[in-house]
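Which chain is which? The protein sequence lines are D and C, in order.
Position one of the first sequence corresponds to residue 0 (numbering that gives the first Met the number 0), numbered consecutively onward.
Position one of the second sequence corresponds to residue 0 (numbering that gives the first Met the number 0), numbered consecutively onward.
Simulated from the structure, these hints should not be mistaken for laboratory data.
Please read these numbers as outputs of a predicted model, since none were measured by experiment.
A few of these clues could be false.
Unchecked claim - Straight-line distance between alpha carbons at most 27 angstroms, and here's what the computed DSSO-like set of lysine-lysine pairs gives:
#1 D:642 with C:307
#2 C:637 with C:671
#3 C:544 with C:110
#4 D:615 with C:349
#5 D:353 with C:642
#6 D:349 with C:408
#7 C:298 with C:358
#8 C:408 with D:615
#9 D:490 with D:353
#10 C:481 with D:154
#11 C:298 with D:110
#12 D:593 with D:415
#13 D:298 with C:367
#14 C:408 with D:307
#15 D:468 with C:356
#16 C:468 with D:117
#17 C:481 with D:349
#18 D:473 with C:468
#19 C:298 with C:415
#20 D:408 with C:468
#21 C:154 with D:117
#22 D:356 with C:637
#23 C:298 with C:356
#24 C:70 with D:615
#25 D:307 with C:117
#26 D:468 with C:117
#27 D:642 with C:468
#28 C:517 with C:585
#29 C:117 with D:593
#30 D:80 with D:356
#31 C:532 with D:154
#32 C:408 with C:585
#33 C:298 with D:593
#34 C:481 with C:154
#35 C:70 with C:415
#36 D:615 with C:585
#37 C:110 with D:298
#38 D:117 with C:544
There are 2 protein chains.
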Amino acid sequence: MRWLLNTARLVRITSAESVCKKTFIRNKNKVRIMSAPPNTATPSTSDPNSLDLDKLRLSVSEQGDILRSLKEQNASVDEVKKATTELKLRKKALEDAKFEANKGNWDIDRKKLEDVVKRRFIYSQAFSIYGGVAGLYDFGPVGCAIKSNILNEWKSHFILEESMLEVETSMLTPEPVLKNSGHVDRFADFMAKDVNTGECLRADHLLKAHLTSLCEADDCHFDKYKEYQSVITQMDNYGQQELTELFKKYQVKNPRNGNAVSDPVPFNLMFATPIGPSAANTPGFLRPETAQGIFVNFKKLLDFNNGKLPFAAAQIGSSFRNEISPRAGLLRVREFTMAEIEHFIDPNEKTTPKFEKVKDLELTLFSKGQQMSGGSAVPVKLGDAVESGMIANNVLGYFIGRIYLFLVKIGADPSKIRFRQHMDNEMAHYACDCWDAEMNTTYGWIECVGCADRSCYDLTQHSKGTGIKMVAEKDLPAPVQKQIVEVVPNKGALGKQFKGEAKAIFTYLEALSDCDIKEIEQSLEQNGVYELKIAATDQTYQLTKDLITIEKKMKTFHIDEFTPSVIEPSFGIGRIMYAVLEHVFKIRPEDDQKRYLSLPASVAPYKCSIICISAKPEFDPFLDQIFTSLRRLNVSFKFDSGKTGIGRKYARTDEIGIPFGITLDMDTFGVKPHSVTLRERDSTKQVRINVEEVAQVVSDLSMQNCTWQDVLQKFPAFSASADSDSEQK
Amino acid sequence: MRWLLNTARLVRITSAESVCKKTFIRNKNKVRIMSAPPNTATPSTSDPNSLDLDKLRLSVSEQGDILRSLKEQNASVDEVKKATTELKLRKKALEDAKFEANKGNWDIDRKKLEDVVKRRFIYSQAFSIYGGVAGLYDFGPVGCAIKSNILNEWKSHFILEESMLEVETSMLTPEPVLKNSGHVDRFADFMAKDVNTGECLRADHLLKAHLTSLCEADDCHFDKYKEYQSVITQMDNYGQQELTELFKKYQVKNPRNGNAVSDPVPFNLMFATPIGPSAANTPGFLRPETAQGIFVNFKKLLDFNNGKLPFAAAQIGSSFRNEISPRAGLLRVREFTMAEIEHFIDPNEKTTPKFEKVKDLELTLFSKGQQMSGGSAVPVKLGDAVESGMIANNVLGYFIGRIYLFLVKIGADPSKIRFRQHMDNEMAHYACDCWDAEMNTTYGWIECVGCADRSCYDLTQHSKGTGIKMVAEKDLPAPVQKQIVEVVPNKGALGKQFKGEAKAIFTYLEALSDCDIKEIEQSLEQNGVYELKIAATDQTYQLTKDLITIEKKMKTFHIDEFTPSVIEPSFGIGRIMYAVLEHVFKIRPEDDQKRYLSLPASVAPYKCSIICISAKPEFDPFLDQIFTSLRRLNVSFKFDSGKTGIGRKYARTDEIGIPFGITLDMDTFGVKPHSVTLRERDSTKQVRINVEEVAQVVSDLSMQNCTWQDVLQKFPAFSASADSDSEQK
C-alpha cells in the first residue's frame with residue numbers, strides 16, 4: 000500500500016452556529032493529497048483510458064455544472080450533499096491521476112535526502128538515546144542555522160519591510176483565553192482505543208486504513224470500491240456520530256492486530272498543564288497557535304500604533320499540538336515554530352496602495368472555480384485575479400504576492416508553489432476568502448502557509464469573554480445621527496435570579512455587537528426568551544423580557560467605532576523548511592554519491608567552508624587571518640580540519656549546502672602574493688584570490704552585493720587536476 | 000516592611016550522595032540580596048557605630064579565621080556548622096550595611112523606569128485583559144526587538160566568534176530524561192498551604208515573612224532578633240524536616256490573614272504534561288533548562304565535530320519553572336529564555352590558548368576568600384586570577400572574560416558587573432569552581448549568568464540511564480597496558496531474581512565508571528551486598544556476590560576513552576535585559592520628564608526614528624526615498640506620523656532608546672540640495688545631511704563603522720530654536 004498523507008491544517012475553520020455567533024473547530028484530517036488508489040480495478044488506474052486527464056477533467060466539470068444548477072434551483076440539502084460528494088470523488092480521481100502522471104518528473108529521491116538529513120544531523124527525532132518520542136524533533140547545527148536564517152529572512156521580508164509590530168507572547172495560556180477562542184471545546188481529533196492493548200488511534204486513520212485494505216482485497220467489487228472511496232473522500236465531514244456508525248457498519252478493527260476498537264471519542268489536541276501550585280486554581284494549556292497572544296494584546300498594540308489602522312502585528316514562536324499519531328517527519332509534529340501575522344484593518348477599507356508593487360506577479364493559482372470544473376492550477380497575474388474577483392480584495396492579494404516572493408527568496412522552486420483557494424464548503428463562514436500556499440513535495444502538495452481573511456471573530460470573542468472593548472476608532476467627516484440599540488439589563492432581577500453569575504451576564508451584554516442584539520430581539524419576540532450561552536462560565540442562561548429590555552435611541556456620533564477585521568498569513572516554518580530542502584536537494588549527474596543542497600547563500604547554514612590541503616603549521620597564520628576577517632564581517636564559516644582528502648571535504652560541505660569554499664593549498668604560502676582558491680558549490684568552478692581579499696568577496700557574494708559571474712570575471716579561474724572536485728592535489 | 004528579594008538560581012547545585020554518585024537539587028531560595036533589617040534595635044542599623052563598614056569587615060574576617068582554624072583542627076561537624084552560621088550572619092550584616100551605604104548612589108528610580116516599560120509596552124504581564132497571570136510576560140514591539148537584538152549579539156559574540164555548534168531541541172521532554180538528570184526527584188521548592196483558603200505559599204517566604212514581622216515587633220529582644228536573623232540567613236540549608244520543625248517552633252501563620260498553615264511539602268517546579276493521547280504511556284514535562292537537550296545529543300554533536308574535543312554546543316530557547324509565587328517582574332518568571340553553552344573538554348586538558356586574548360582584562364571579582372574575610376569585590380586582572388589559582392583554570396577564566404565583554408557590549412554598566420565565586424558550601428561537589436556574573440540593580444546584585452565547571456555529571460547520568468556510552472576518544476601516543484575492572488553480571492541468577500527488571504540492571508552495570516565499580520567492590524567486601532539504585536526504574540536492588548562478580552584484567556589500549564567534562568556558561572536573558580534597562584535608563588538633568596534609554600545602537604529596538612515637521616504631501620517623496628534606502632540597508636526605523644509636536648516626538652523616541660532621529664523640516668523641500676537633520680539621542684545634538692546620504696550614515700553609525708564624533712566633524716551642525724529639543728520649529 001502506498002503511503003497516505005493527511006496534511007495538517009494550519010488555519011482554522013469555523014462552523015458557524017449562527018450568522019453572528021461563530022466558533023471555530025479544527026478542520027480534522029483534511030485529505031488534501033493522496034497517492035493513487037491501490038492497484039485494483041478502479042476507474043483511475045486500471046483502465047488505460049481512465050488515465051486520460053481530459054476525460055477526468057470533463058467528468059469533474061460536468062458534475063460541477065450539475066451541482067451549480069442544483070444550487071440555483073434551491074435543491075434540497077440532501078441532493079446538494081450527494082452531488083458534492085460525487086464531485087469530490089471525481090476530483091480525487093483526477094488529482095490522483097495527475098499525481099501519477101507527474102511522478103516521473105520527480106528528480107529527487109526522498110530516501111537519499113533523508114540519509115543526508117540524518118547523517119549530517121540536520122534534524123533528528125528528539126531523545127533518540129531514549130528511544131525517541133514521536134512528533135518531537137531536534138535541530139542540529141545545520142538545521143538550526145537553516146531554520147534561523149529562514150526566520151531572519153522572514154523578519155526582514157515582513158517585519159522590517161512592512162514595519163510590522165513584532166511581539167513575543169507567553170506559550171503557557173490560561174484556560175479562559177482558549178475557552179473564548181473556541182479551542183477548549185473544539186480543537187479536537189477523534190480517537191479510538193484498541194480494547195485489548197489500550198493503544199490510541201486516530202479514528203479517521205483507522206477507518207481509512209480499514210477501507211483501503213477492503214479496497215485492496217481481490218474480491219472487492221467495483222461498486223464497493225466506489226463506496227469505500229466515497230467514505231474516504233468525505234472523511235473531513237464526519238462528526239462523532241457518523242464515525243461511530245461507520246465504525247459499526249464496516250466493523251473497523253485495529254489493522255495491526257485485528258483487535259476490536261472502541262467507539263470514537265473527541266480528543267482535545269492541546270497539552271494541558273496547570274499554571275501555579277494549585278492545579279484547581281489555574282488550569283492552563285500550551286498554546287496551539289501564536290495568534291491568540293496577539294489578539295489579547297490588541298489594545299496595547301493599537302495604542303503603540305498611536306490608535307491608527309491598518310497595522311500588522313507579527314510573532315515568531317512555538318506552538319504545541321498533542322497529535323494522536325504524528326508522522327511524516329517535520330510535516331506533522333507536536334511542537335513547532337510558527338510565524339504569524341495579524342493584519343488589522345477597517346472592514347470597510349480592505350484595500351492597500353502597496354498592491355501596485357505585486358500586481359504584475361504571475362502566480363500559479365488554483366481557484367475554487369477551477370477546482371469545481373476539474374481544471375488545473377493556472378498562471379494568473381495577481382492584478383487580474385483581484386480585478387476579476389477571483390481574489391476577494393487587494394490586501395489579500397498583496398499578502399499572497401508577498402508570501403510567494405518570500406518562498407522564492409528562501410530557495411523554493413517557483414514551479415512547485417501554488418496558491419489553492421478554499422472551496423466554499425471548506426472555508427470558514429466568517430472568511431470571505433482564504434488561500435493556502437502549497438508546496439509540491441514527494442508527499443504531494445503540502446499546505447505551508449495559510450492566508451485567510453478572518454473577519455472580527457477573535458477580537459469579538461475575547462471582548463465578549465472579558466467585557467473589554469476591542470475596537471478601533473476613526474474620525475467621521477461630519478457628525479452622524481444614528482439609532483443605537485442596547486440591551487438594558489434589569490440588574491435587580493438578574494442579580495436575584497443568577498446571584499454571583501449575574502456579573503458575567505452584565506459584562507457579556509455590554510460587549511454585544513448590533514448583530515448579536517438583533518438576534519436577541521428576534522428571539523425575545525418569537526419565543527419570549529433568549530438563551531444566552533457564555534463560554535467563560537460554560538453556562539446557559541434563560542433571559543426573559545422581565546430580565547432584559549431592548550432599547551433604541553438616536554445618538555450623535557463624531558467618531559466611528561468598529562471591530563477591525565483581520566487578515567492572517569500564517570507560516571508553518573518546519574514544513575516550509577522541509578519543502579525547501581526537497582526543492583534544493585540535487586545529485587550531480589556524473590556521480591550519484593555527489594549530493595548537494597542548492598540553498599541560497601542567505602539561507603545556507605554557513606556562508607563558506609575553509610579547507611586546508613594539509614595540516615602543516617605554515618598554514619596557521621593564513622587560517623587565522625581568514626578566520627578573523629570573516630568574523631569581522633559577520634560571515635559564518637565552517638573549518639573542516641579532518642584528515643580526509645579535499646574531494647571528500649568538498650562533498651561534505653556541498654551536502655549541507657555551503658555555497659562557497661576557501662581552499663588553502665601549497666601556493667598559499669609558497670607563492671607571493673599569498674592566495675587561496677574560492678569554489679562555488681553549484682558549478683564547482685574555482686577562482687584564485689589573494690588572502691586579504693577573500694573574506695570581503697565571500698561577504699559580498701553572501702549579501703548579494705555581487706554575483707558569482709562577477710567573481711569569475713574579476714579573478715583568474717583556477718583548475719586543479721582533472722578530477723579536481725573528487726581529489727584536488 | 001521593606002521588600003525582600005530572593006534571586007532565583009540559574010545554575011544547579013549538587014548535593015553528592017557519595018563522591019561518585021551525584022544528583023543535583025535546585026538550590027532553593029538562595030538569600031543573595033536583602034535590604035537592611037527593619038528599623039528595630041539591631042547591630043547593623045540602630046547603633047551608629049555598627050554602620051562602620053570597617054568594623055563589620057573585621058568581625059567577618061575574625062570569624063573567617065576561626066572557621067578556618069576549626070577546619071584545620073578537624074573540628075566536629077557541629078562546631079564547623081555553628082561557626083559557618085555565625086560567619087554567614089556577620090556577612091549578612093556587612094552586606095546589608097554596604098547596600099544601605101550605597102543606596103544613595105542609585106540614580107535611577109525604579110518606578111519611573113516601570114512607567115516607561117508599561118506605557119510603551121516594552122513588556123507587560125501576560126493576559127492582562129483576563130486579569131493577568133503571575134510570572135508570565137509578553138514582550139511588546141520594543142521589548143521584543145531589544146530582546147531579539149541581545150540574542151543576535153549573543154549569537155555573534157559566542158556562536159560565530161567561537162565556532163560553536165548551535166542546536167534547537169525539544170521543550171517537551173519525556174520523564175525518563177528528567178528522572179536521570181535528577182529533576183523529577185529534586186527540582187522542588189517547599190510549599191505550605193493555608194488550611195482555610197487553600198492558598199499555596201512558599202515555605203521559605205512564609206517563614207521569613209513571619210520572622211521578619213517578629214523582628215519588627217516593638218518588644219523584640221536583641222537575643223531573639225539575632226536568633227530570627229540567624230534562621231533567615233540559613234534558609235537555604237533547611238530541608239523538609241527542619242522547615243517543619245521551625246514552622247512548629249515559631250508557630251508560623253499566613254501573614255495575610257493569620258490562618259494556620261500546613262506542614263511544608265516539596266513541590267516539583269516542573270510543568271507536567273503527558274505527551275501523546277495516553278497519559279499513562281508517556282508522562283512528560285516542559286524542560287526546566289535547555290542544557291539537557293544538548294547532553295542527550297552529545298554523540299551526534301561529537302560526530303558532527305569529527306570526533307574532536309574540545310567543542311561547545313549552544314542553545315537559545317525557552318525553559319519553564321512553575322514557581323510557587325513569582326514576583327519581581329522579569330527576575331522570577333515561569334517561562335523564560337535561556338542561552339546556554341556546554342563546552343565539552345578533556346578533563347585532563349582544561350586549558351585554552353584563547354585565554355591570551357582576555358588575560359589583561361581587569362574585572363571586579365568577589366572570590367570566596369574575600370567573601371570569607373569580609374572583604375569587598377576587587378578589580379583583578381584575569382591573568383593574575385588564574386595564575387594565583389583564584390579561578391580554577393584558564394578555560395573558566397576565558398569564559399568569564401567573554402561573558403564580561405558580552406554584557407558590556409549590550410549596554411551593561413561595567414561598574415555594575417561583578418563575578419562572585421561560589422563558596423565551598425554552596426558549590427556543587429562535582430564543580431571545582433563556579434562563578435556567577437552578577438549585575439547591580441535596584442533589587443540588589445542579581446545573578447544573571449552562571450559559569451560553572453560541571454564535570455561529567457550529566458553525560459554519566461544519561462549514559463547510566465540508557466546504557467549508551469557517552470564518551471570521547473583520543474589517540475594515545477603509544478599503546479598502554481592497563482588494568483580494567485568490570486562488573487560481570489550473573490545473567491541467569493539476576494534474570495531469575497529480578498525478571499523483567501534485570502535488563503535495566505545489565506544496562507546500568509555496562510555503563511559504570513571505574514569510580515562506581517570501586518564503590519561496588521568496597522560494599523561487596525564490607526557488607527556482602529551492594530544496594531543498587533536505578534533512577535530510571537526508581538527501584539533499589541540488593542546485589543549480592545552470587546549475582547555479580549568484579550573482574551580485573553590487563554588490556555592494551557591504543558586510544559583513551561573518557562567522559563568529557565563540561566564547562567557551562569548559562570545566561571538568563573530576561574534578567575540580563577532587565578538589568579541592562581536599569582543601567583541605561585537616564586533622566587535629563589534639566590527636566591525630570593525627559594527620560595531616555597541610552598542603549599547601544601546594536602541593541603536599540605529601532606536604529607532611527609523618522610519625524611516630519613508637518614503632514615504636507617510635499618514630504619511624501621522624501622519620506623519614501625528615506626524609507627526605501629533604510630530598508631535596502633536593513634536598518635530598522637520607526638516613523639512617527641502622530642500629530643503631536645516635534646519635542647514630544649523626540650521624547651517618545653528617546654524613551655524607547657532609539658539612538659538616531661531623522662527630521663524632515665521646511666528646508667527639506669524648500670532648499671536645494673534637499674536635506675534633513677540627524678539627531679543623536681544622548682547628546683541631543685543635530686547635524687544637517689543630504690537626503691541621499693542620510694540612510695548610509697545611520698547604517699554606518701549603527702554598524703559602528705563610524706562614530707557620532709565623526710558625523711559631527713563631517714556635517715554642519717544644526718541648531719533649531721533655543722528650546723529645540725522641546726519644540727523645534
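Check whether the Cα positions of residue 298 of chain D and residue 367 of chain C lie no farther apart than 27 angstroms. Measuring from Cα to Cα gives roughly 50 angstroms; hence the hint is violated.
Does residue 117 of chain C sit within 27 angstroms of residue 307 of chain D, going by the straight-line distance between their CA atoms? holds, 20 angstroms
Take the C-alpha atoms of residue 468 of chain C and residue 117 of chain D, compute the straight-line distance between them, and say whether it is at most 27 angstroms. holds, 20 angstroms
Holds or violated: residue 349 of chain D and residue 408 of chain C, Cα atoms, limit 27 angstroms. violated, 44 angstroms
Hinted pair residue 637 of chain C and residue 671 of chain C, Cα distance within 27 angstroms: holds, 26 angstroms
Below or equal to 27 angstroms on CA atoms is what counts here, so check residue 154 of chain C against residue 117 of chain D. Holds, at about 25 angstroms.
If you draw a straight line from the CA of residue 615 of chain D to the CA of residue 585 of chain C, is it 27 angstroms or shorter? violated, 54 angstroms
Given the hint that residue 298 of chain C pairs with residue 415 of chain C, test it: the Cα-Cα distance must not exceed 27 angstroms. violated, 40 angstroms
Taken at face value, is the distance from the CA of residue 593 of chain D to the CA of residue 298 of chain C at most 27 angstroms? With a Cα-Cα distance of about 26 angstroms, the restraint between residue 298 of chain C and residue 593 of chain D holds, given a limit of 27 angstroms.
Checking one constraint from the list: CA of residue 298 of chain C to CA of residue 110 of chain D, max 27 angstroms. Satisfied? holds, 23 angstroms
Given the hint that residue 468 of chain D pairs with residue 117 of chain C, test it: the Cα-Cα distance must not exceed 27 angstroms. Holds, at about 20 angstroms.
Checking one constraint from the list: CA of residue 408 of chain C to CA of residue 615 of chain D, max 27 angstroms. Satisfied? Not satisfied, since the Cα-Cα distance of roughly 36 angstroms exceeds 27 angstroms.
In summary, the numbered hints that this structure violates are 3, 6, 7, 8, 9, 10, 13, 14, 15, 17, 18, 19, 20, 23, 24, 28, 29, 30, 31, 34, 35, 36 and 38.
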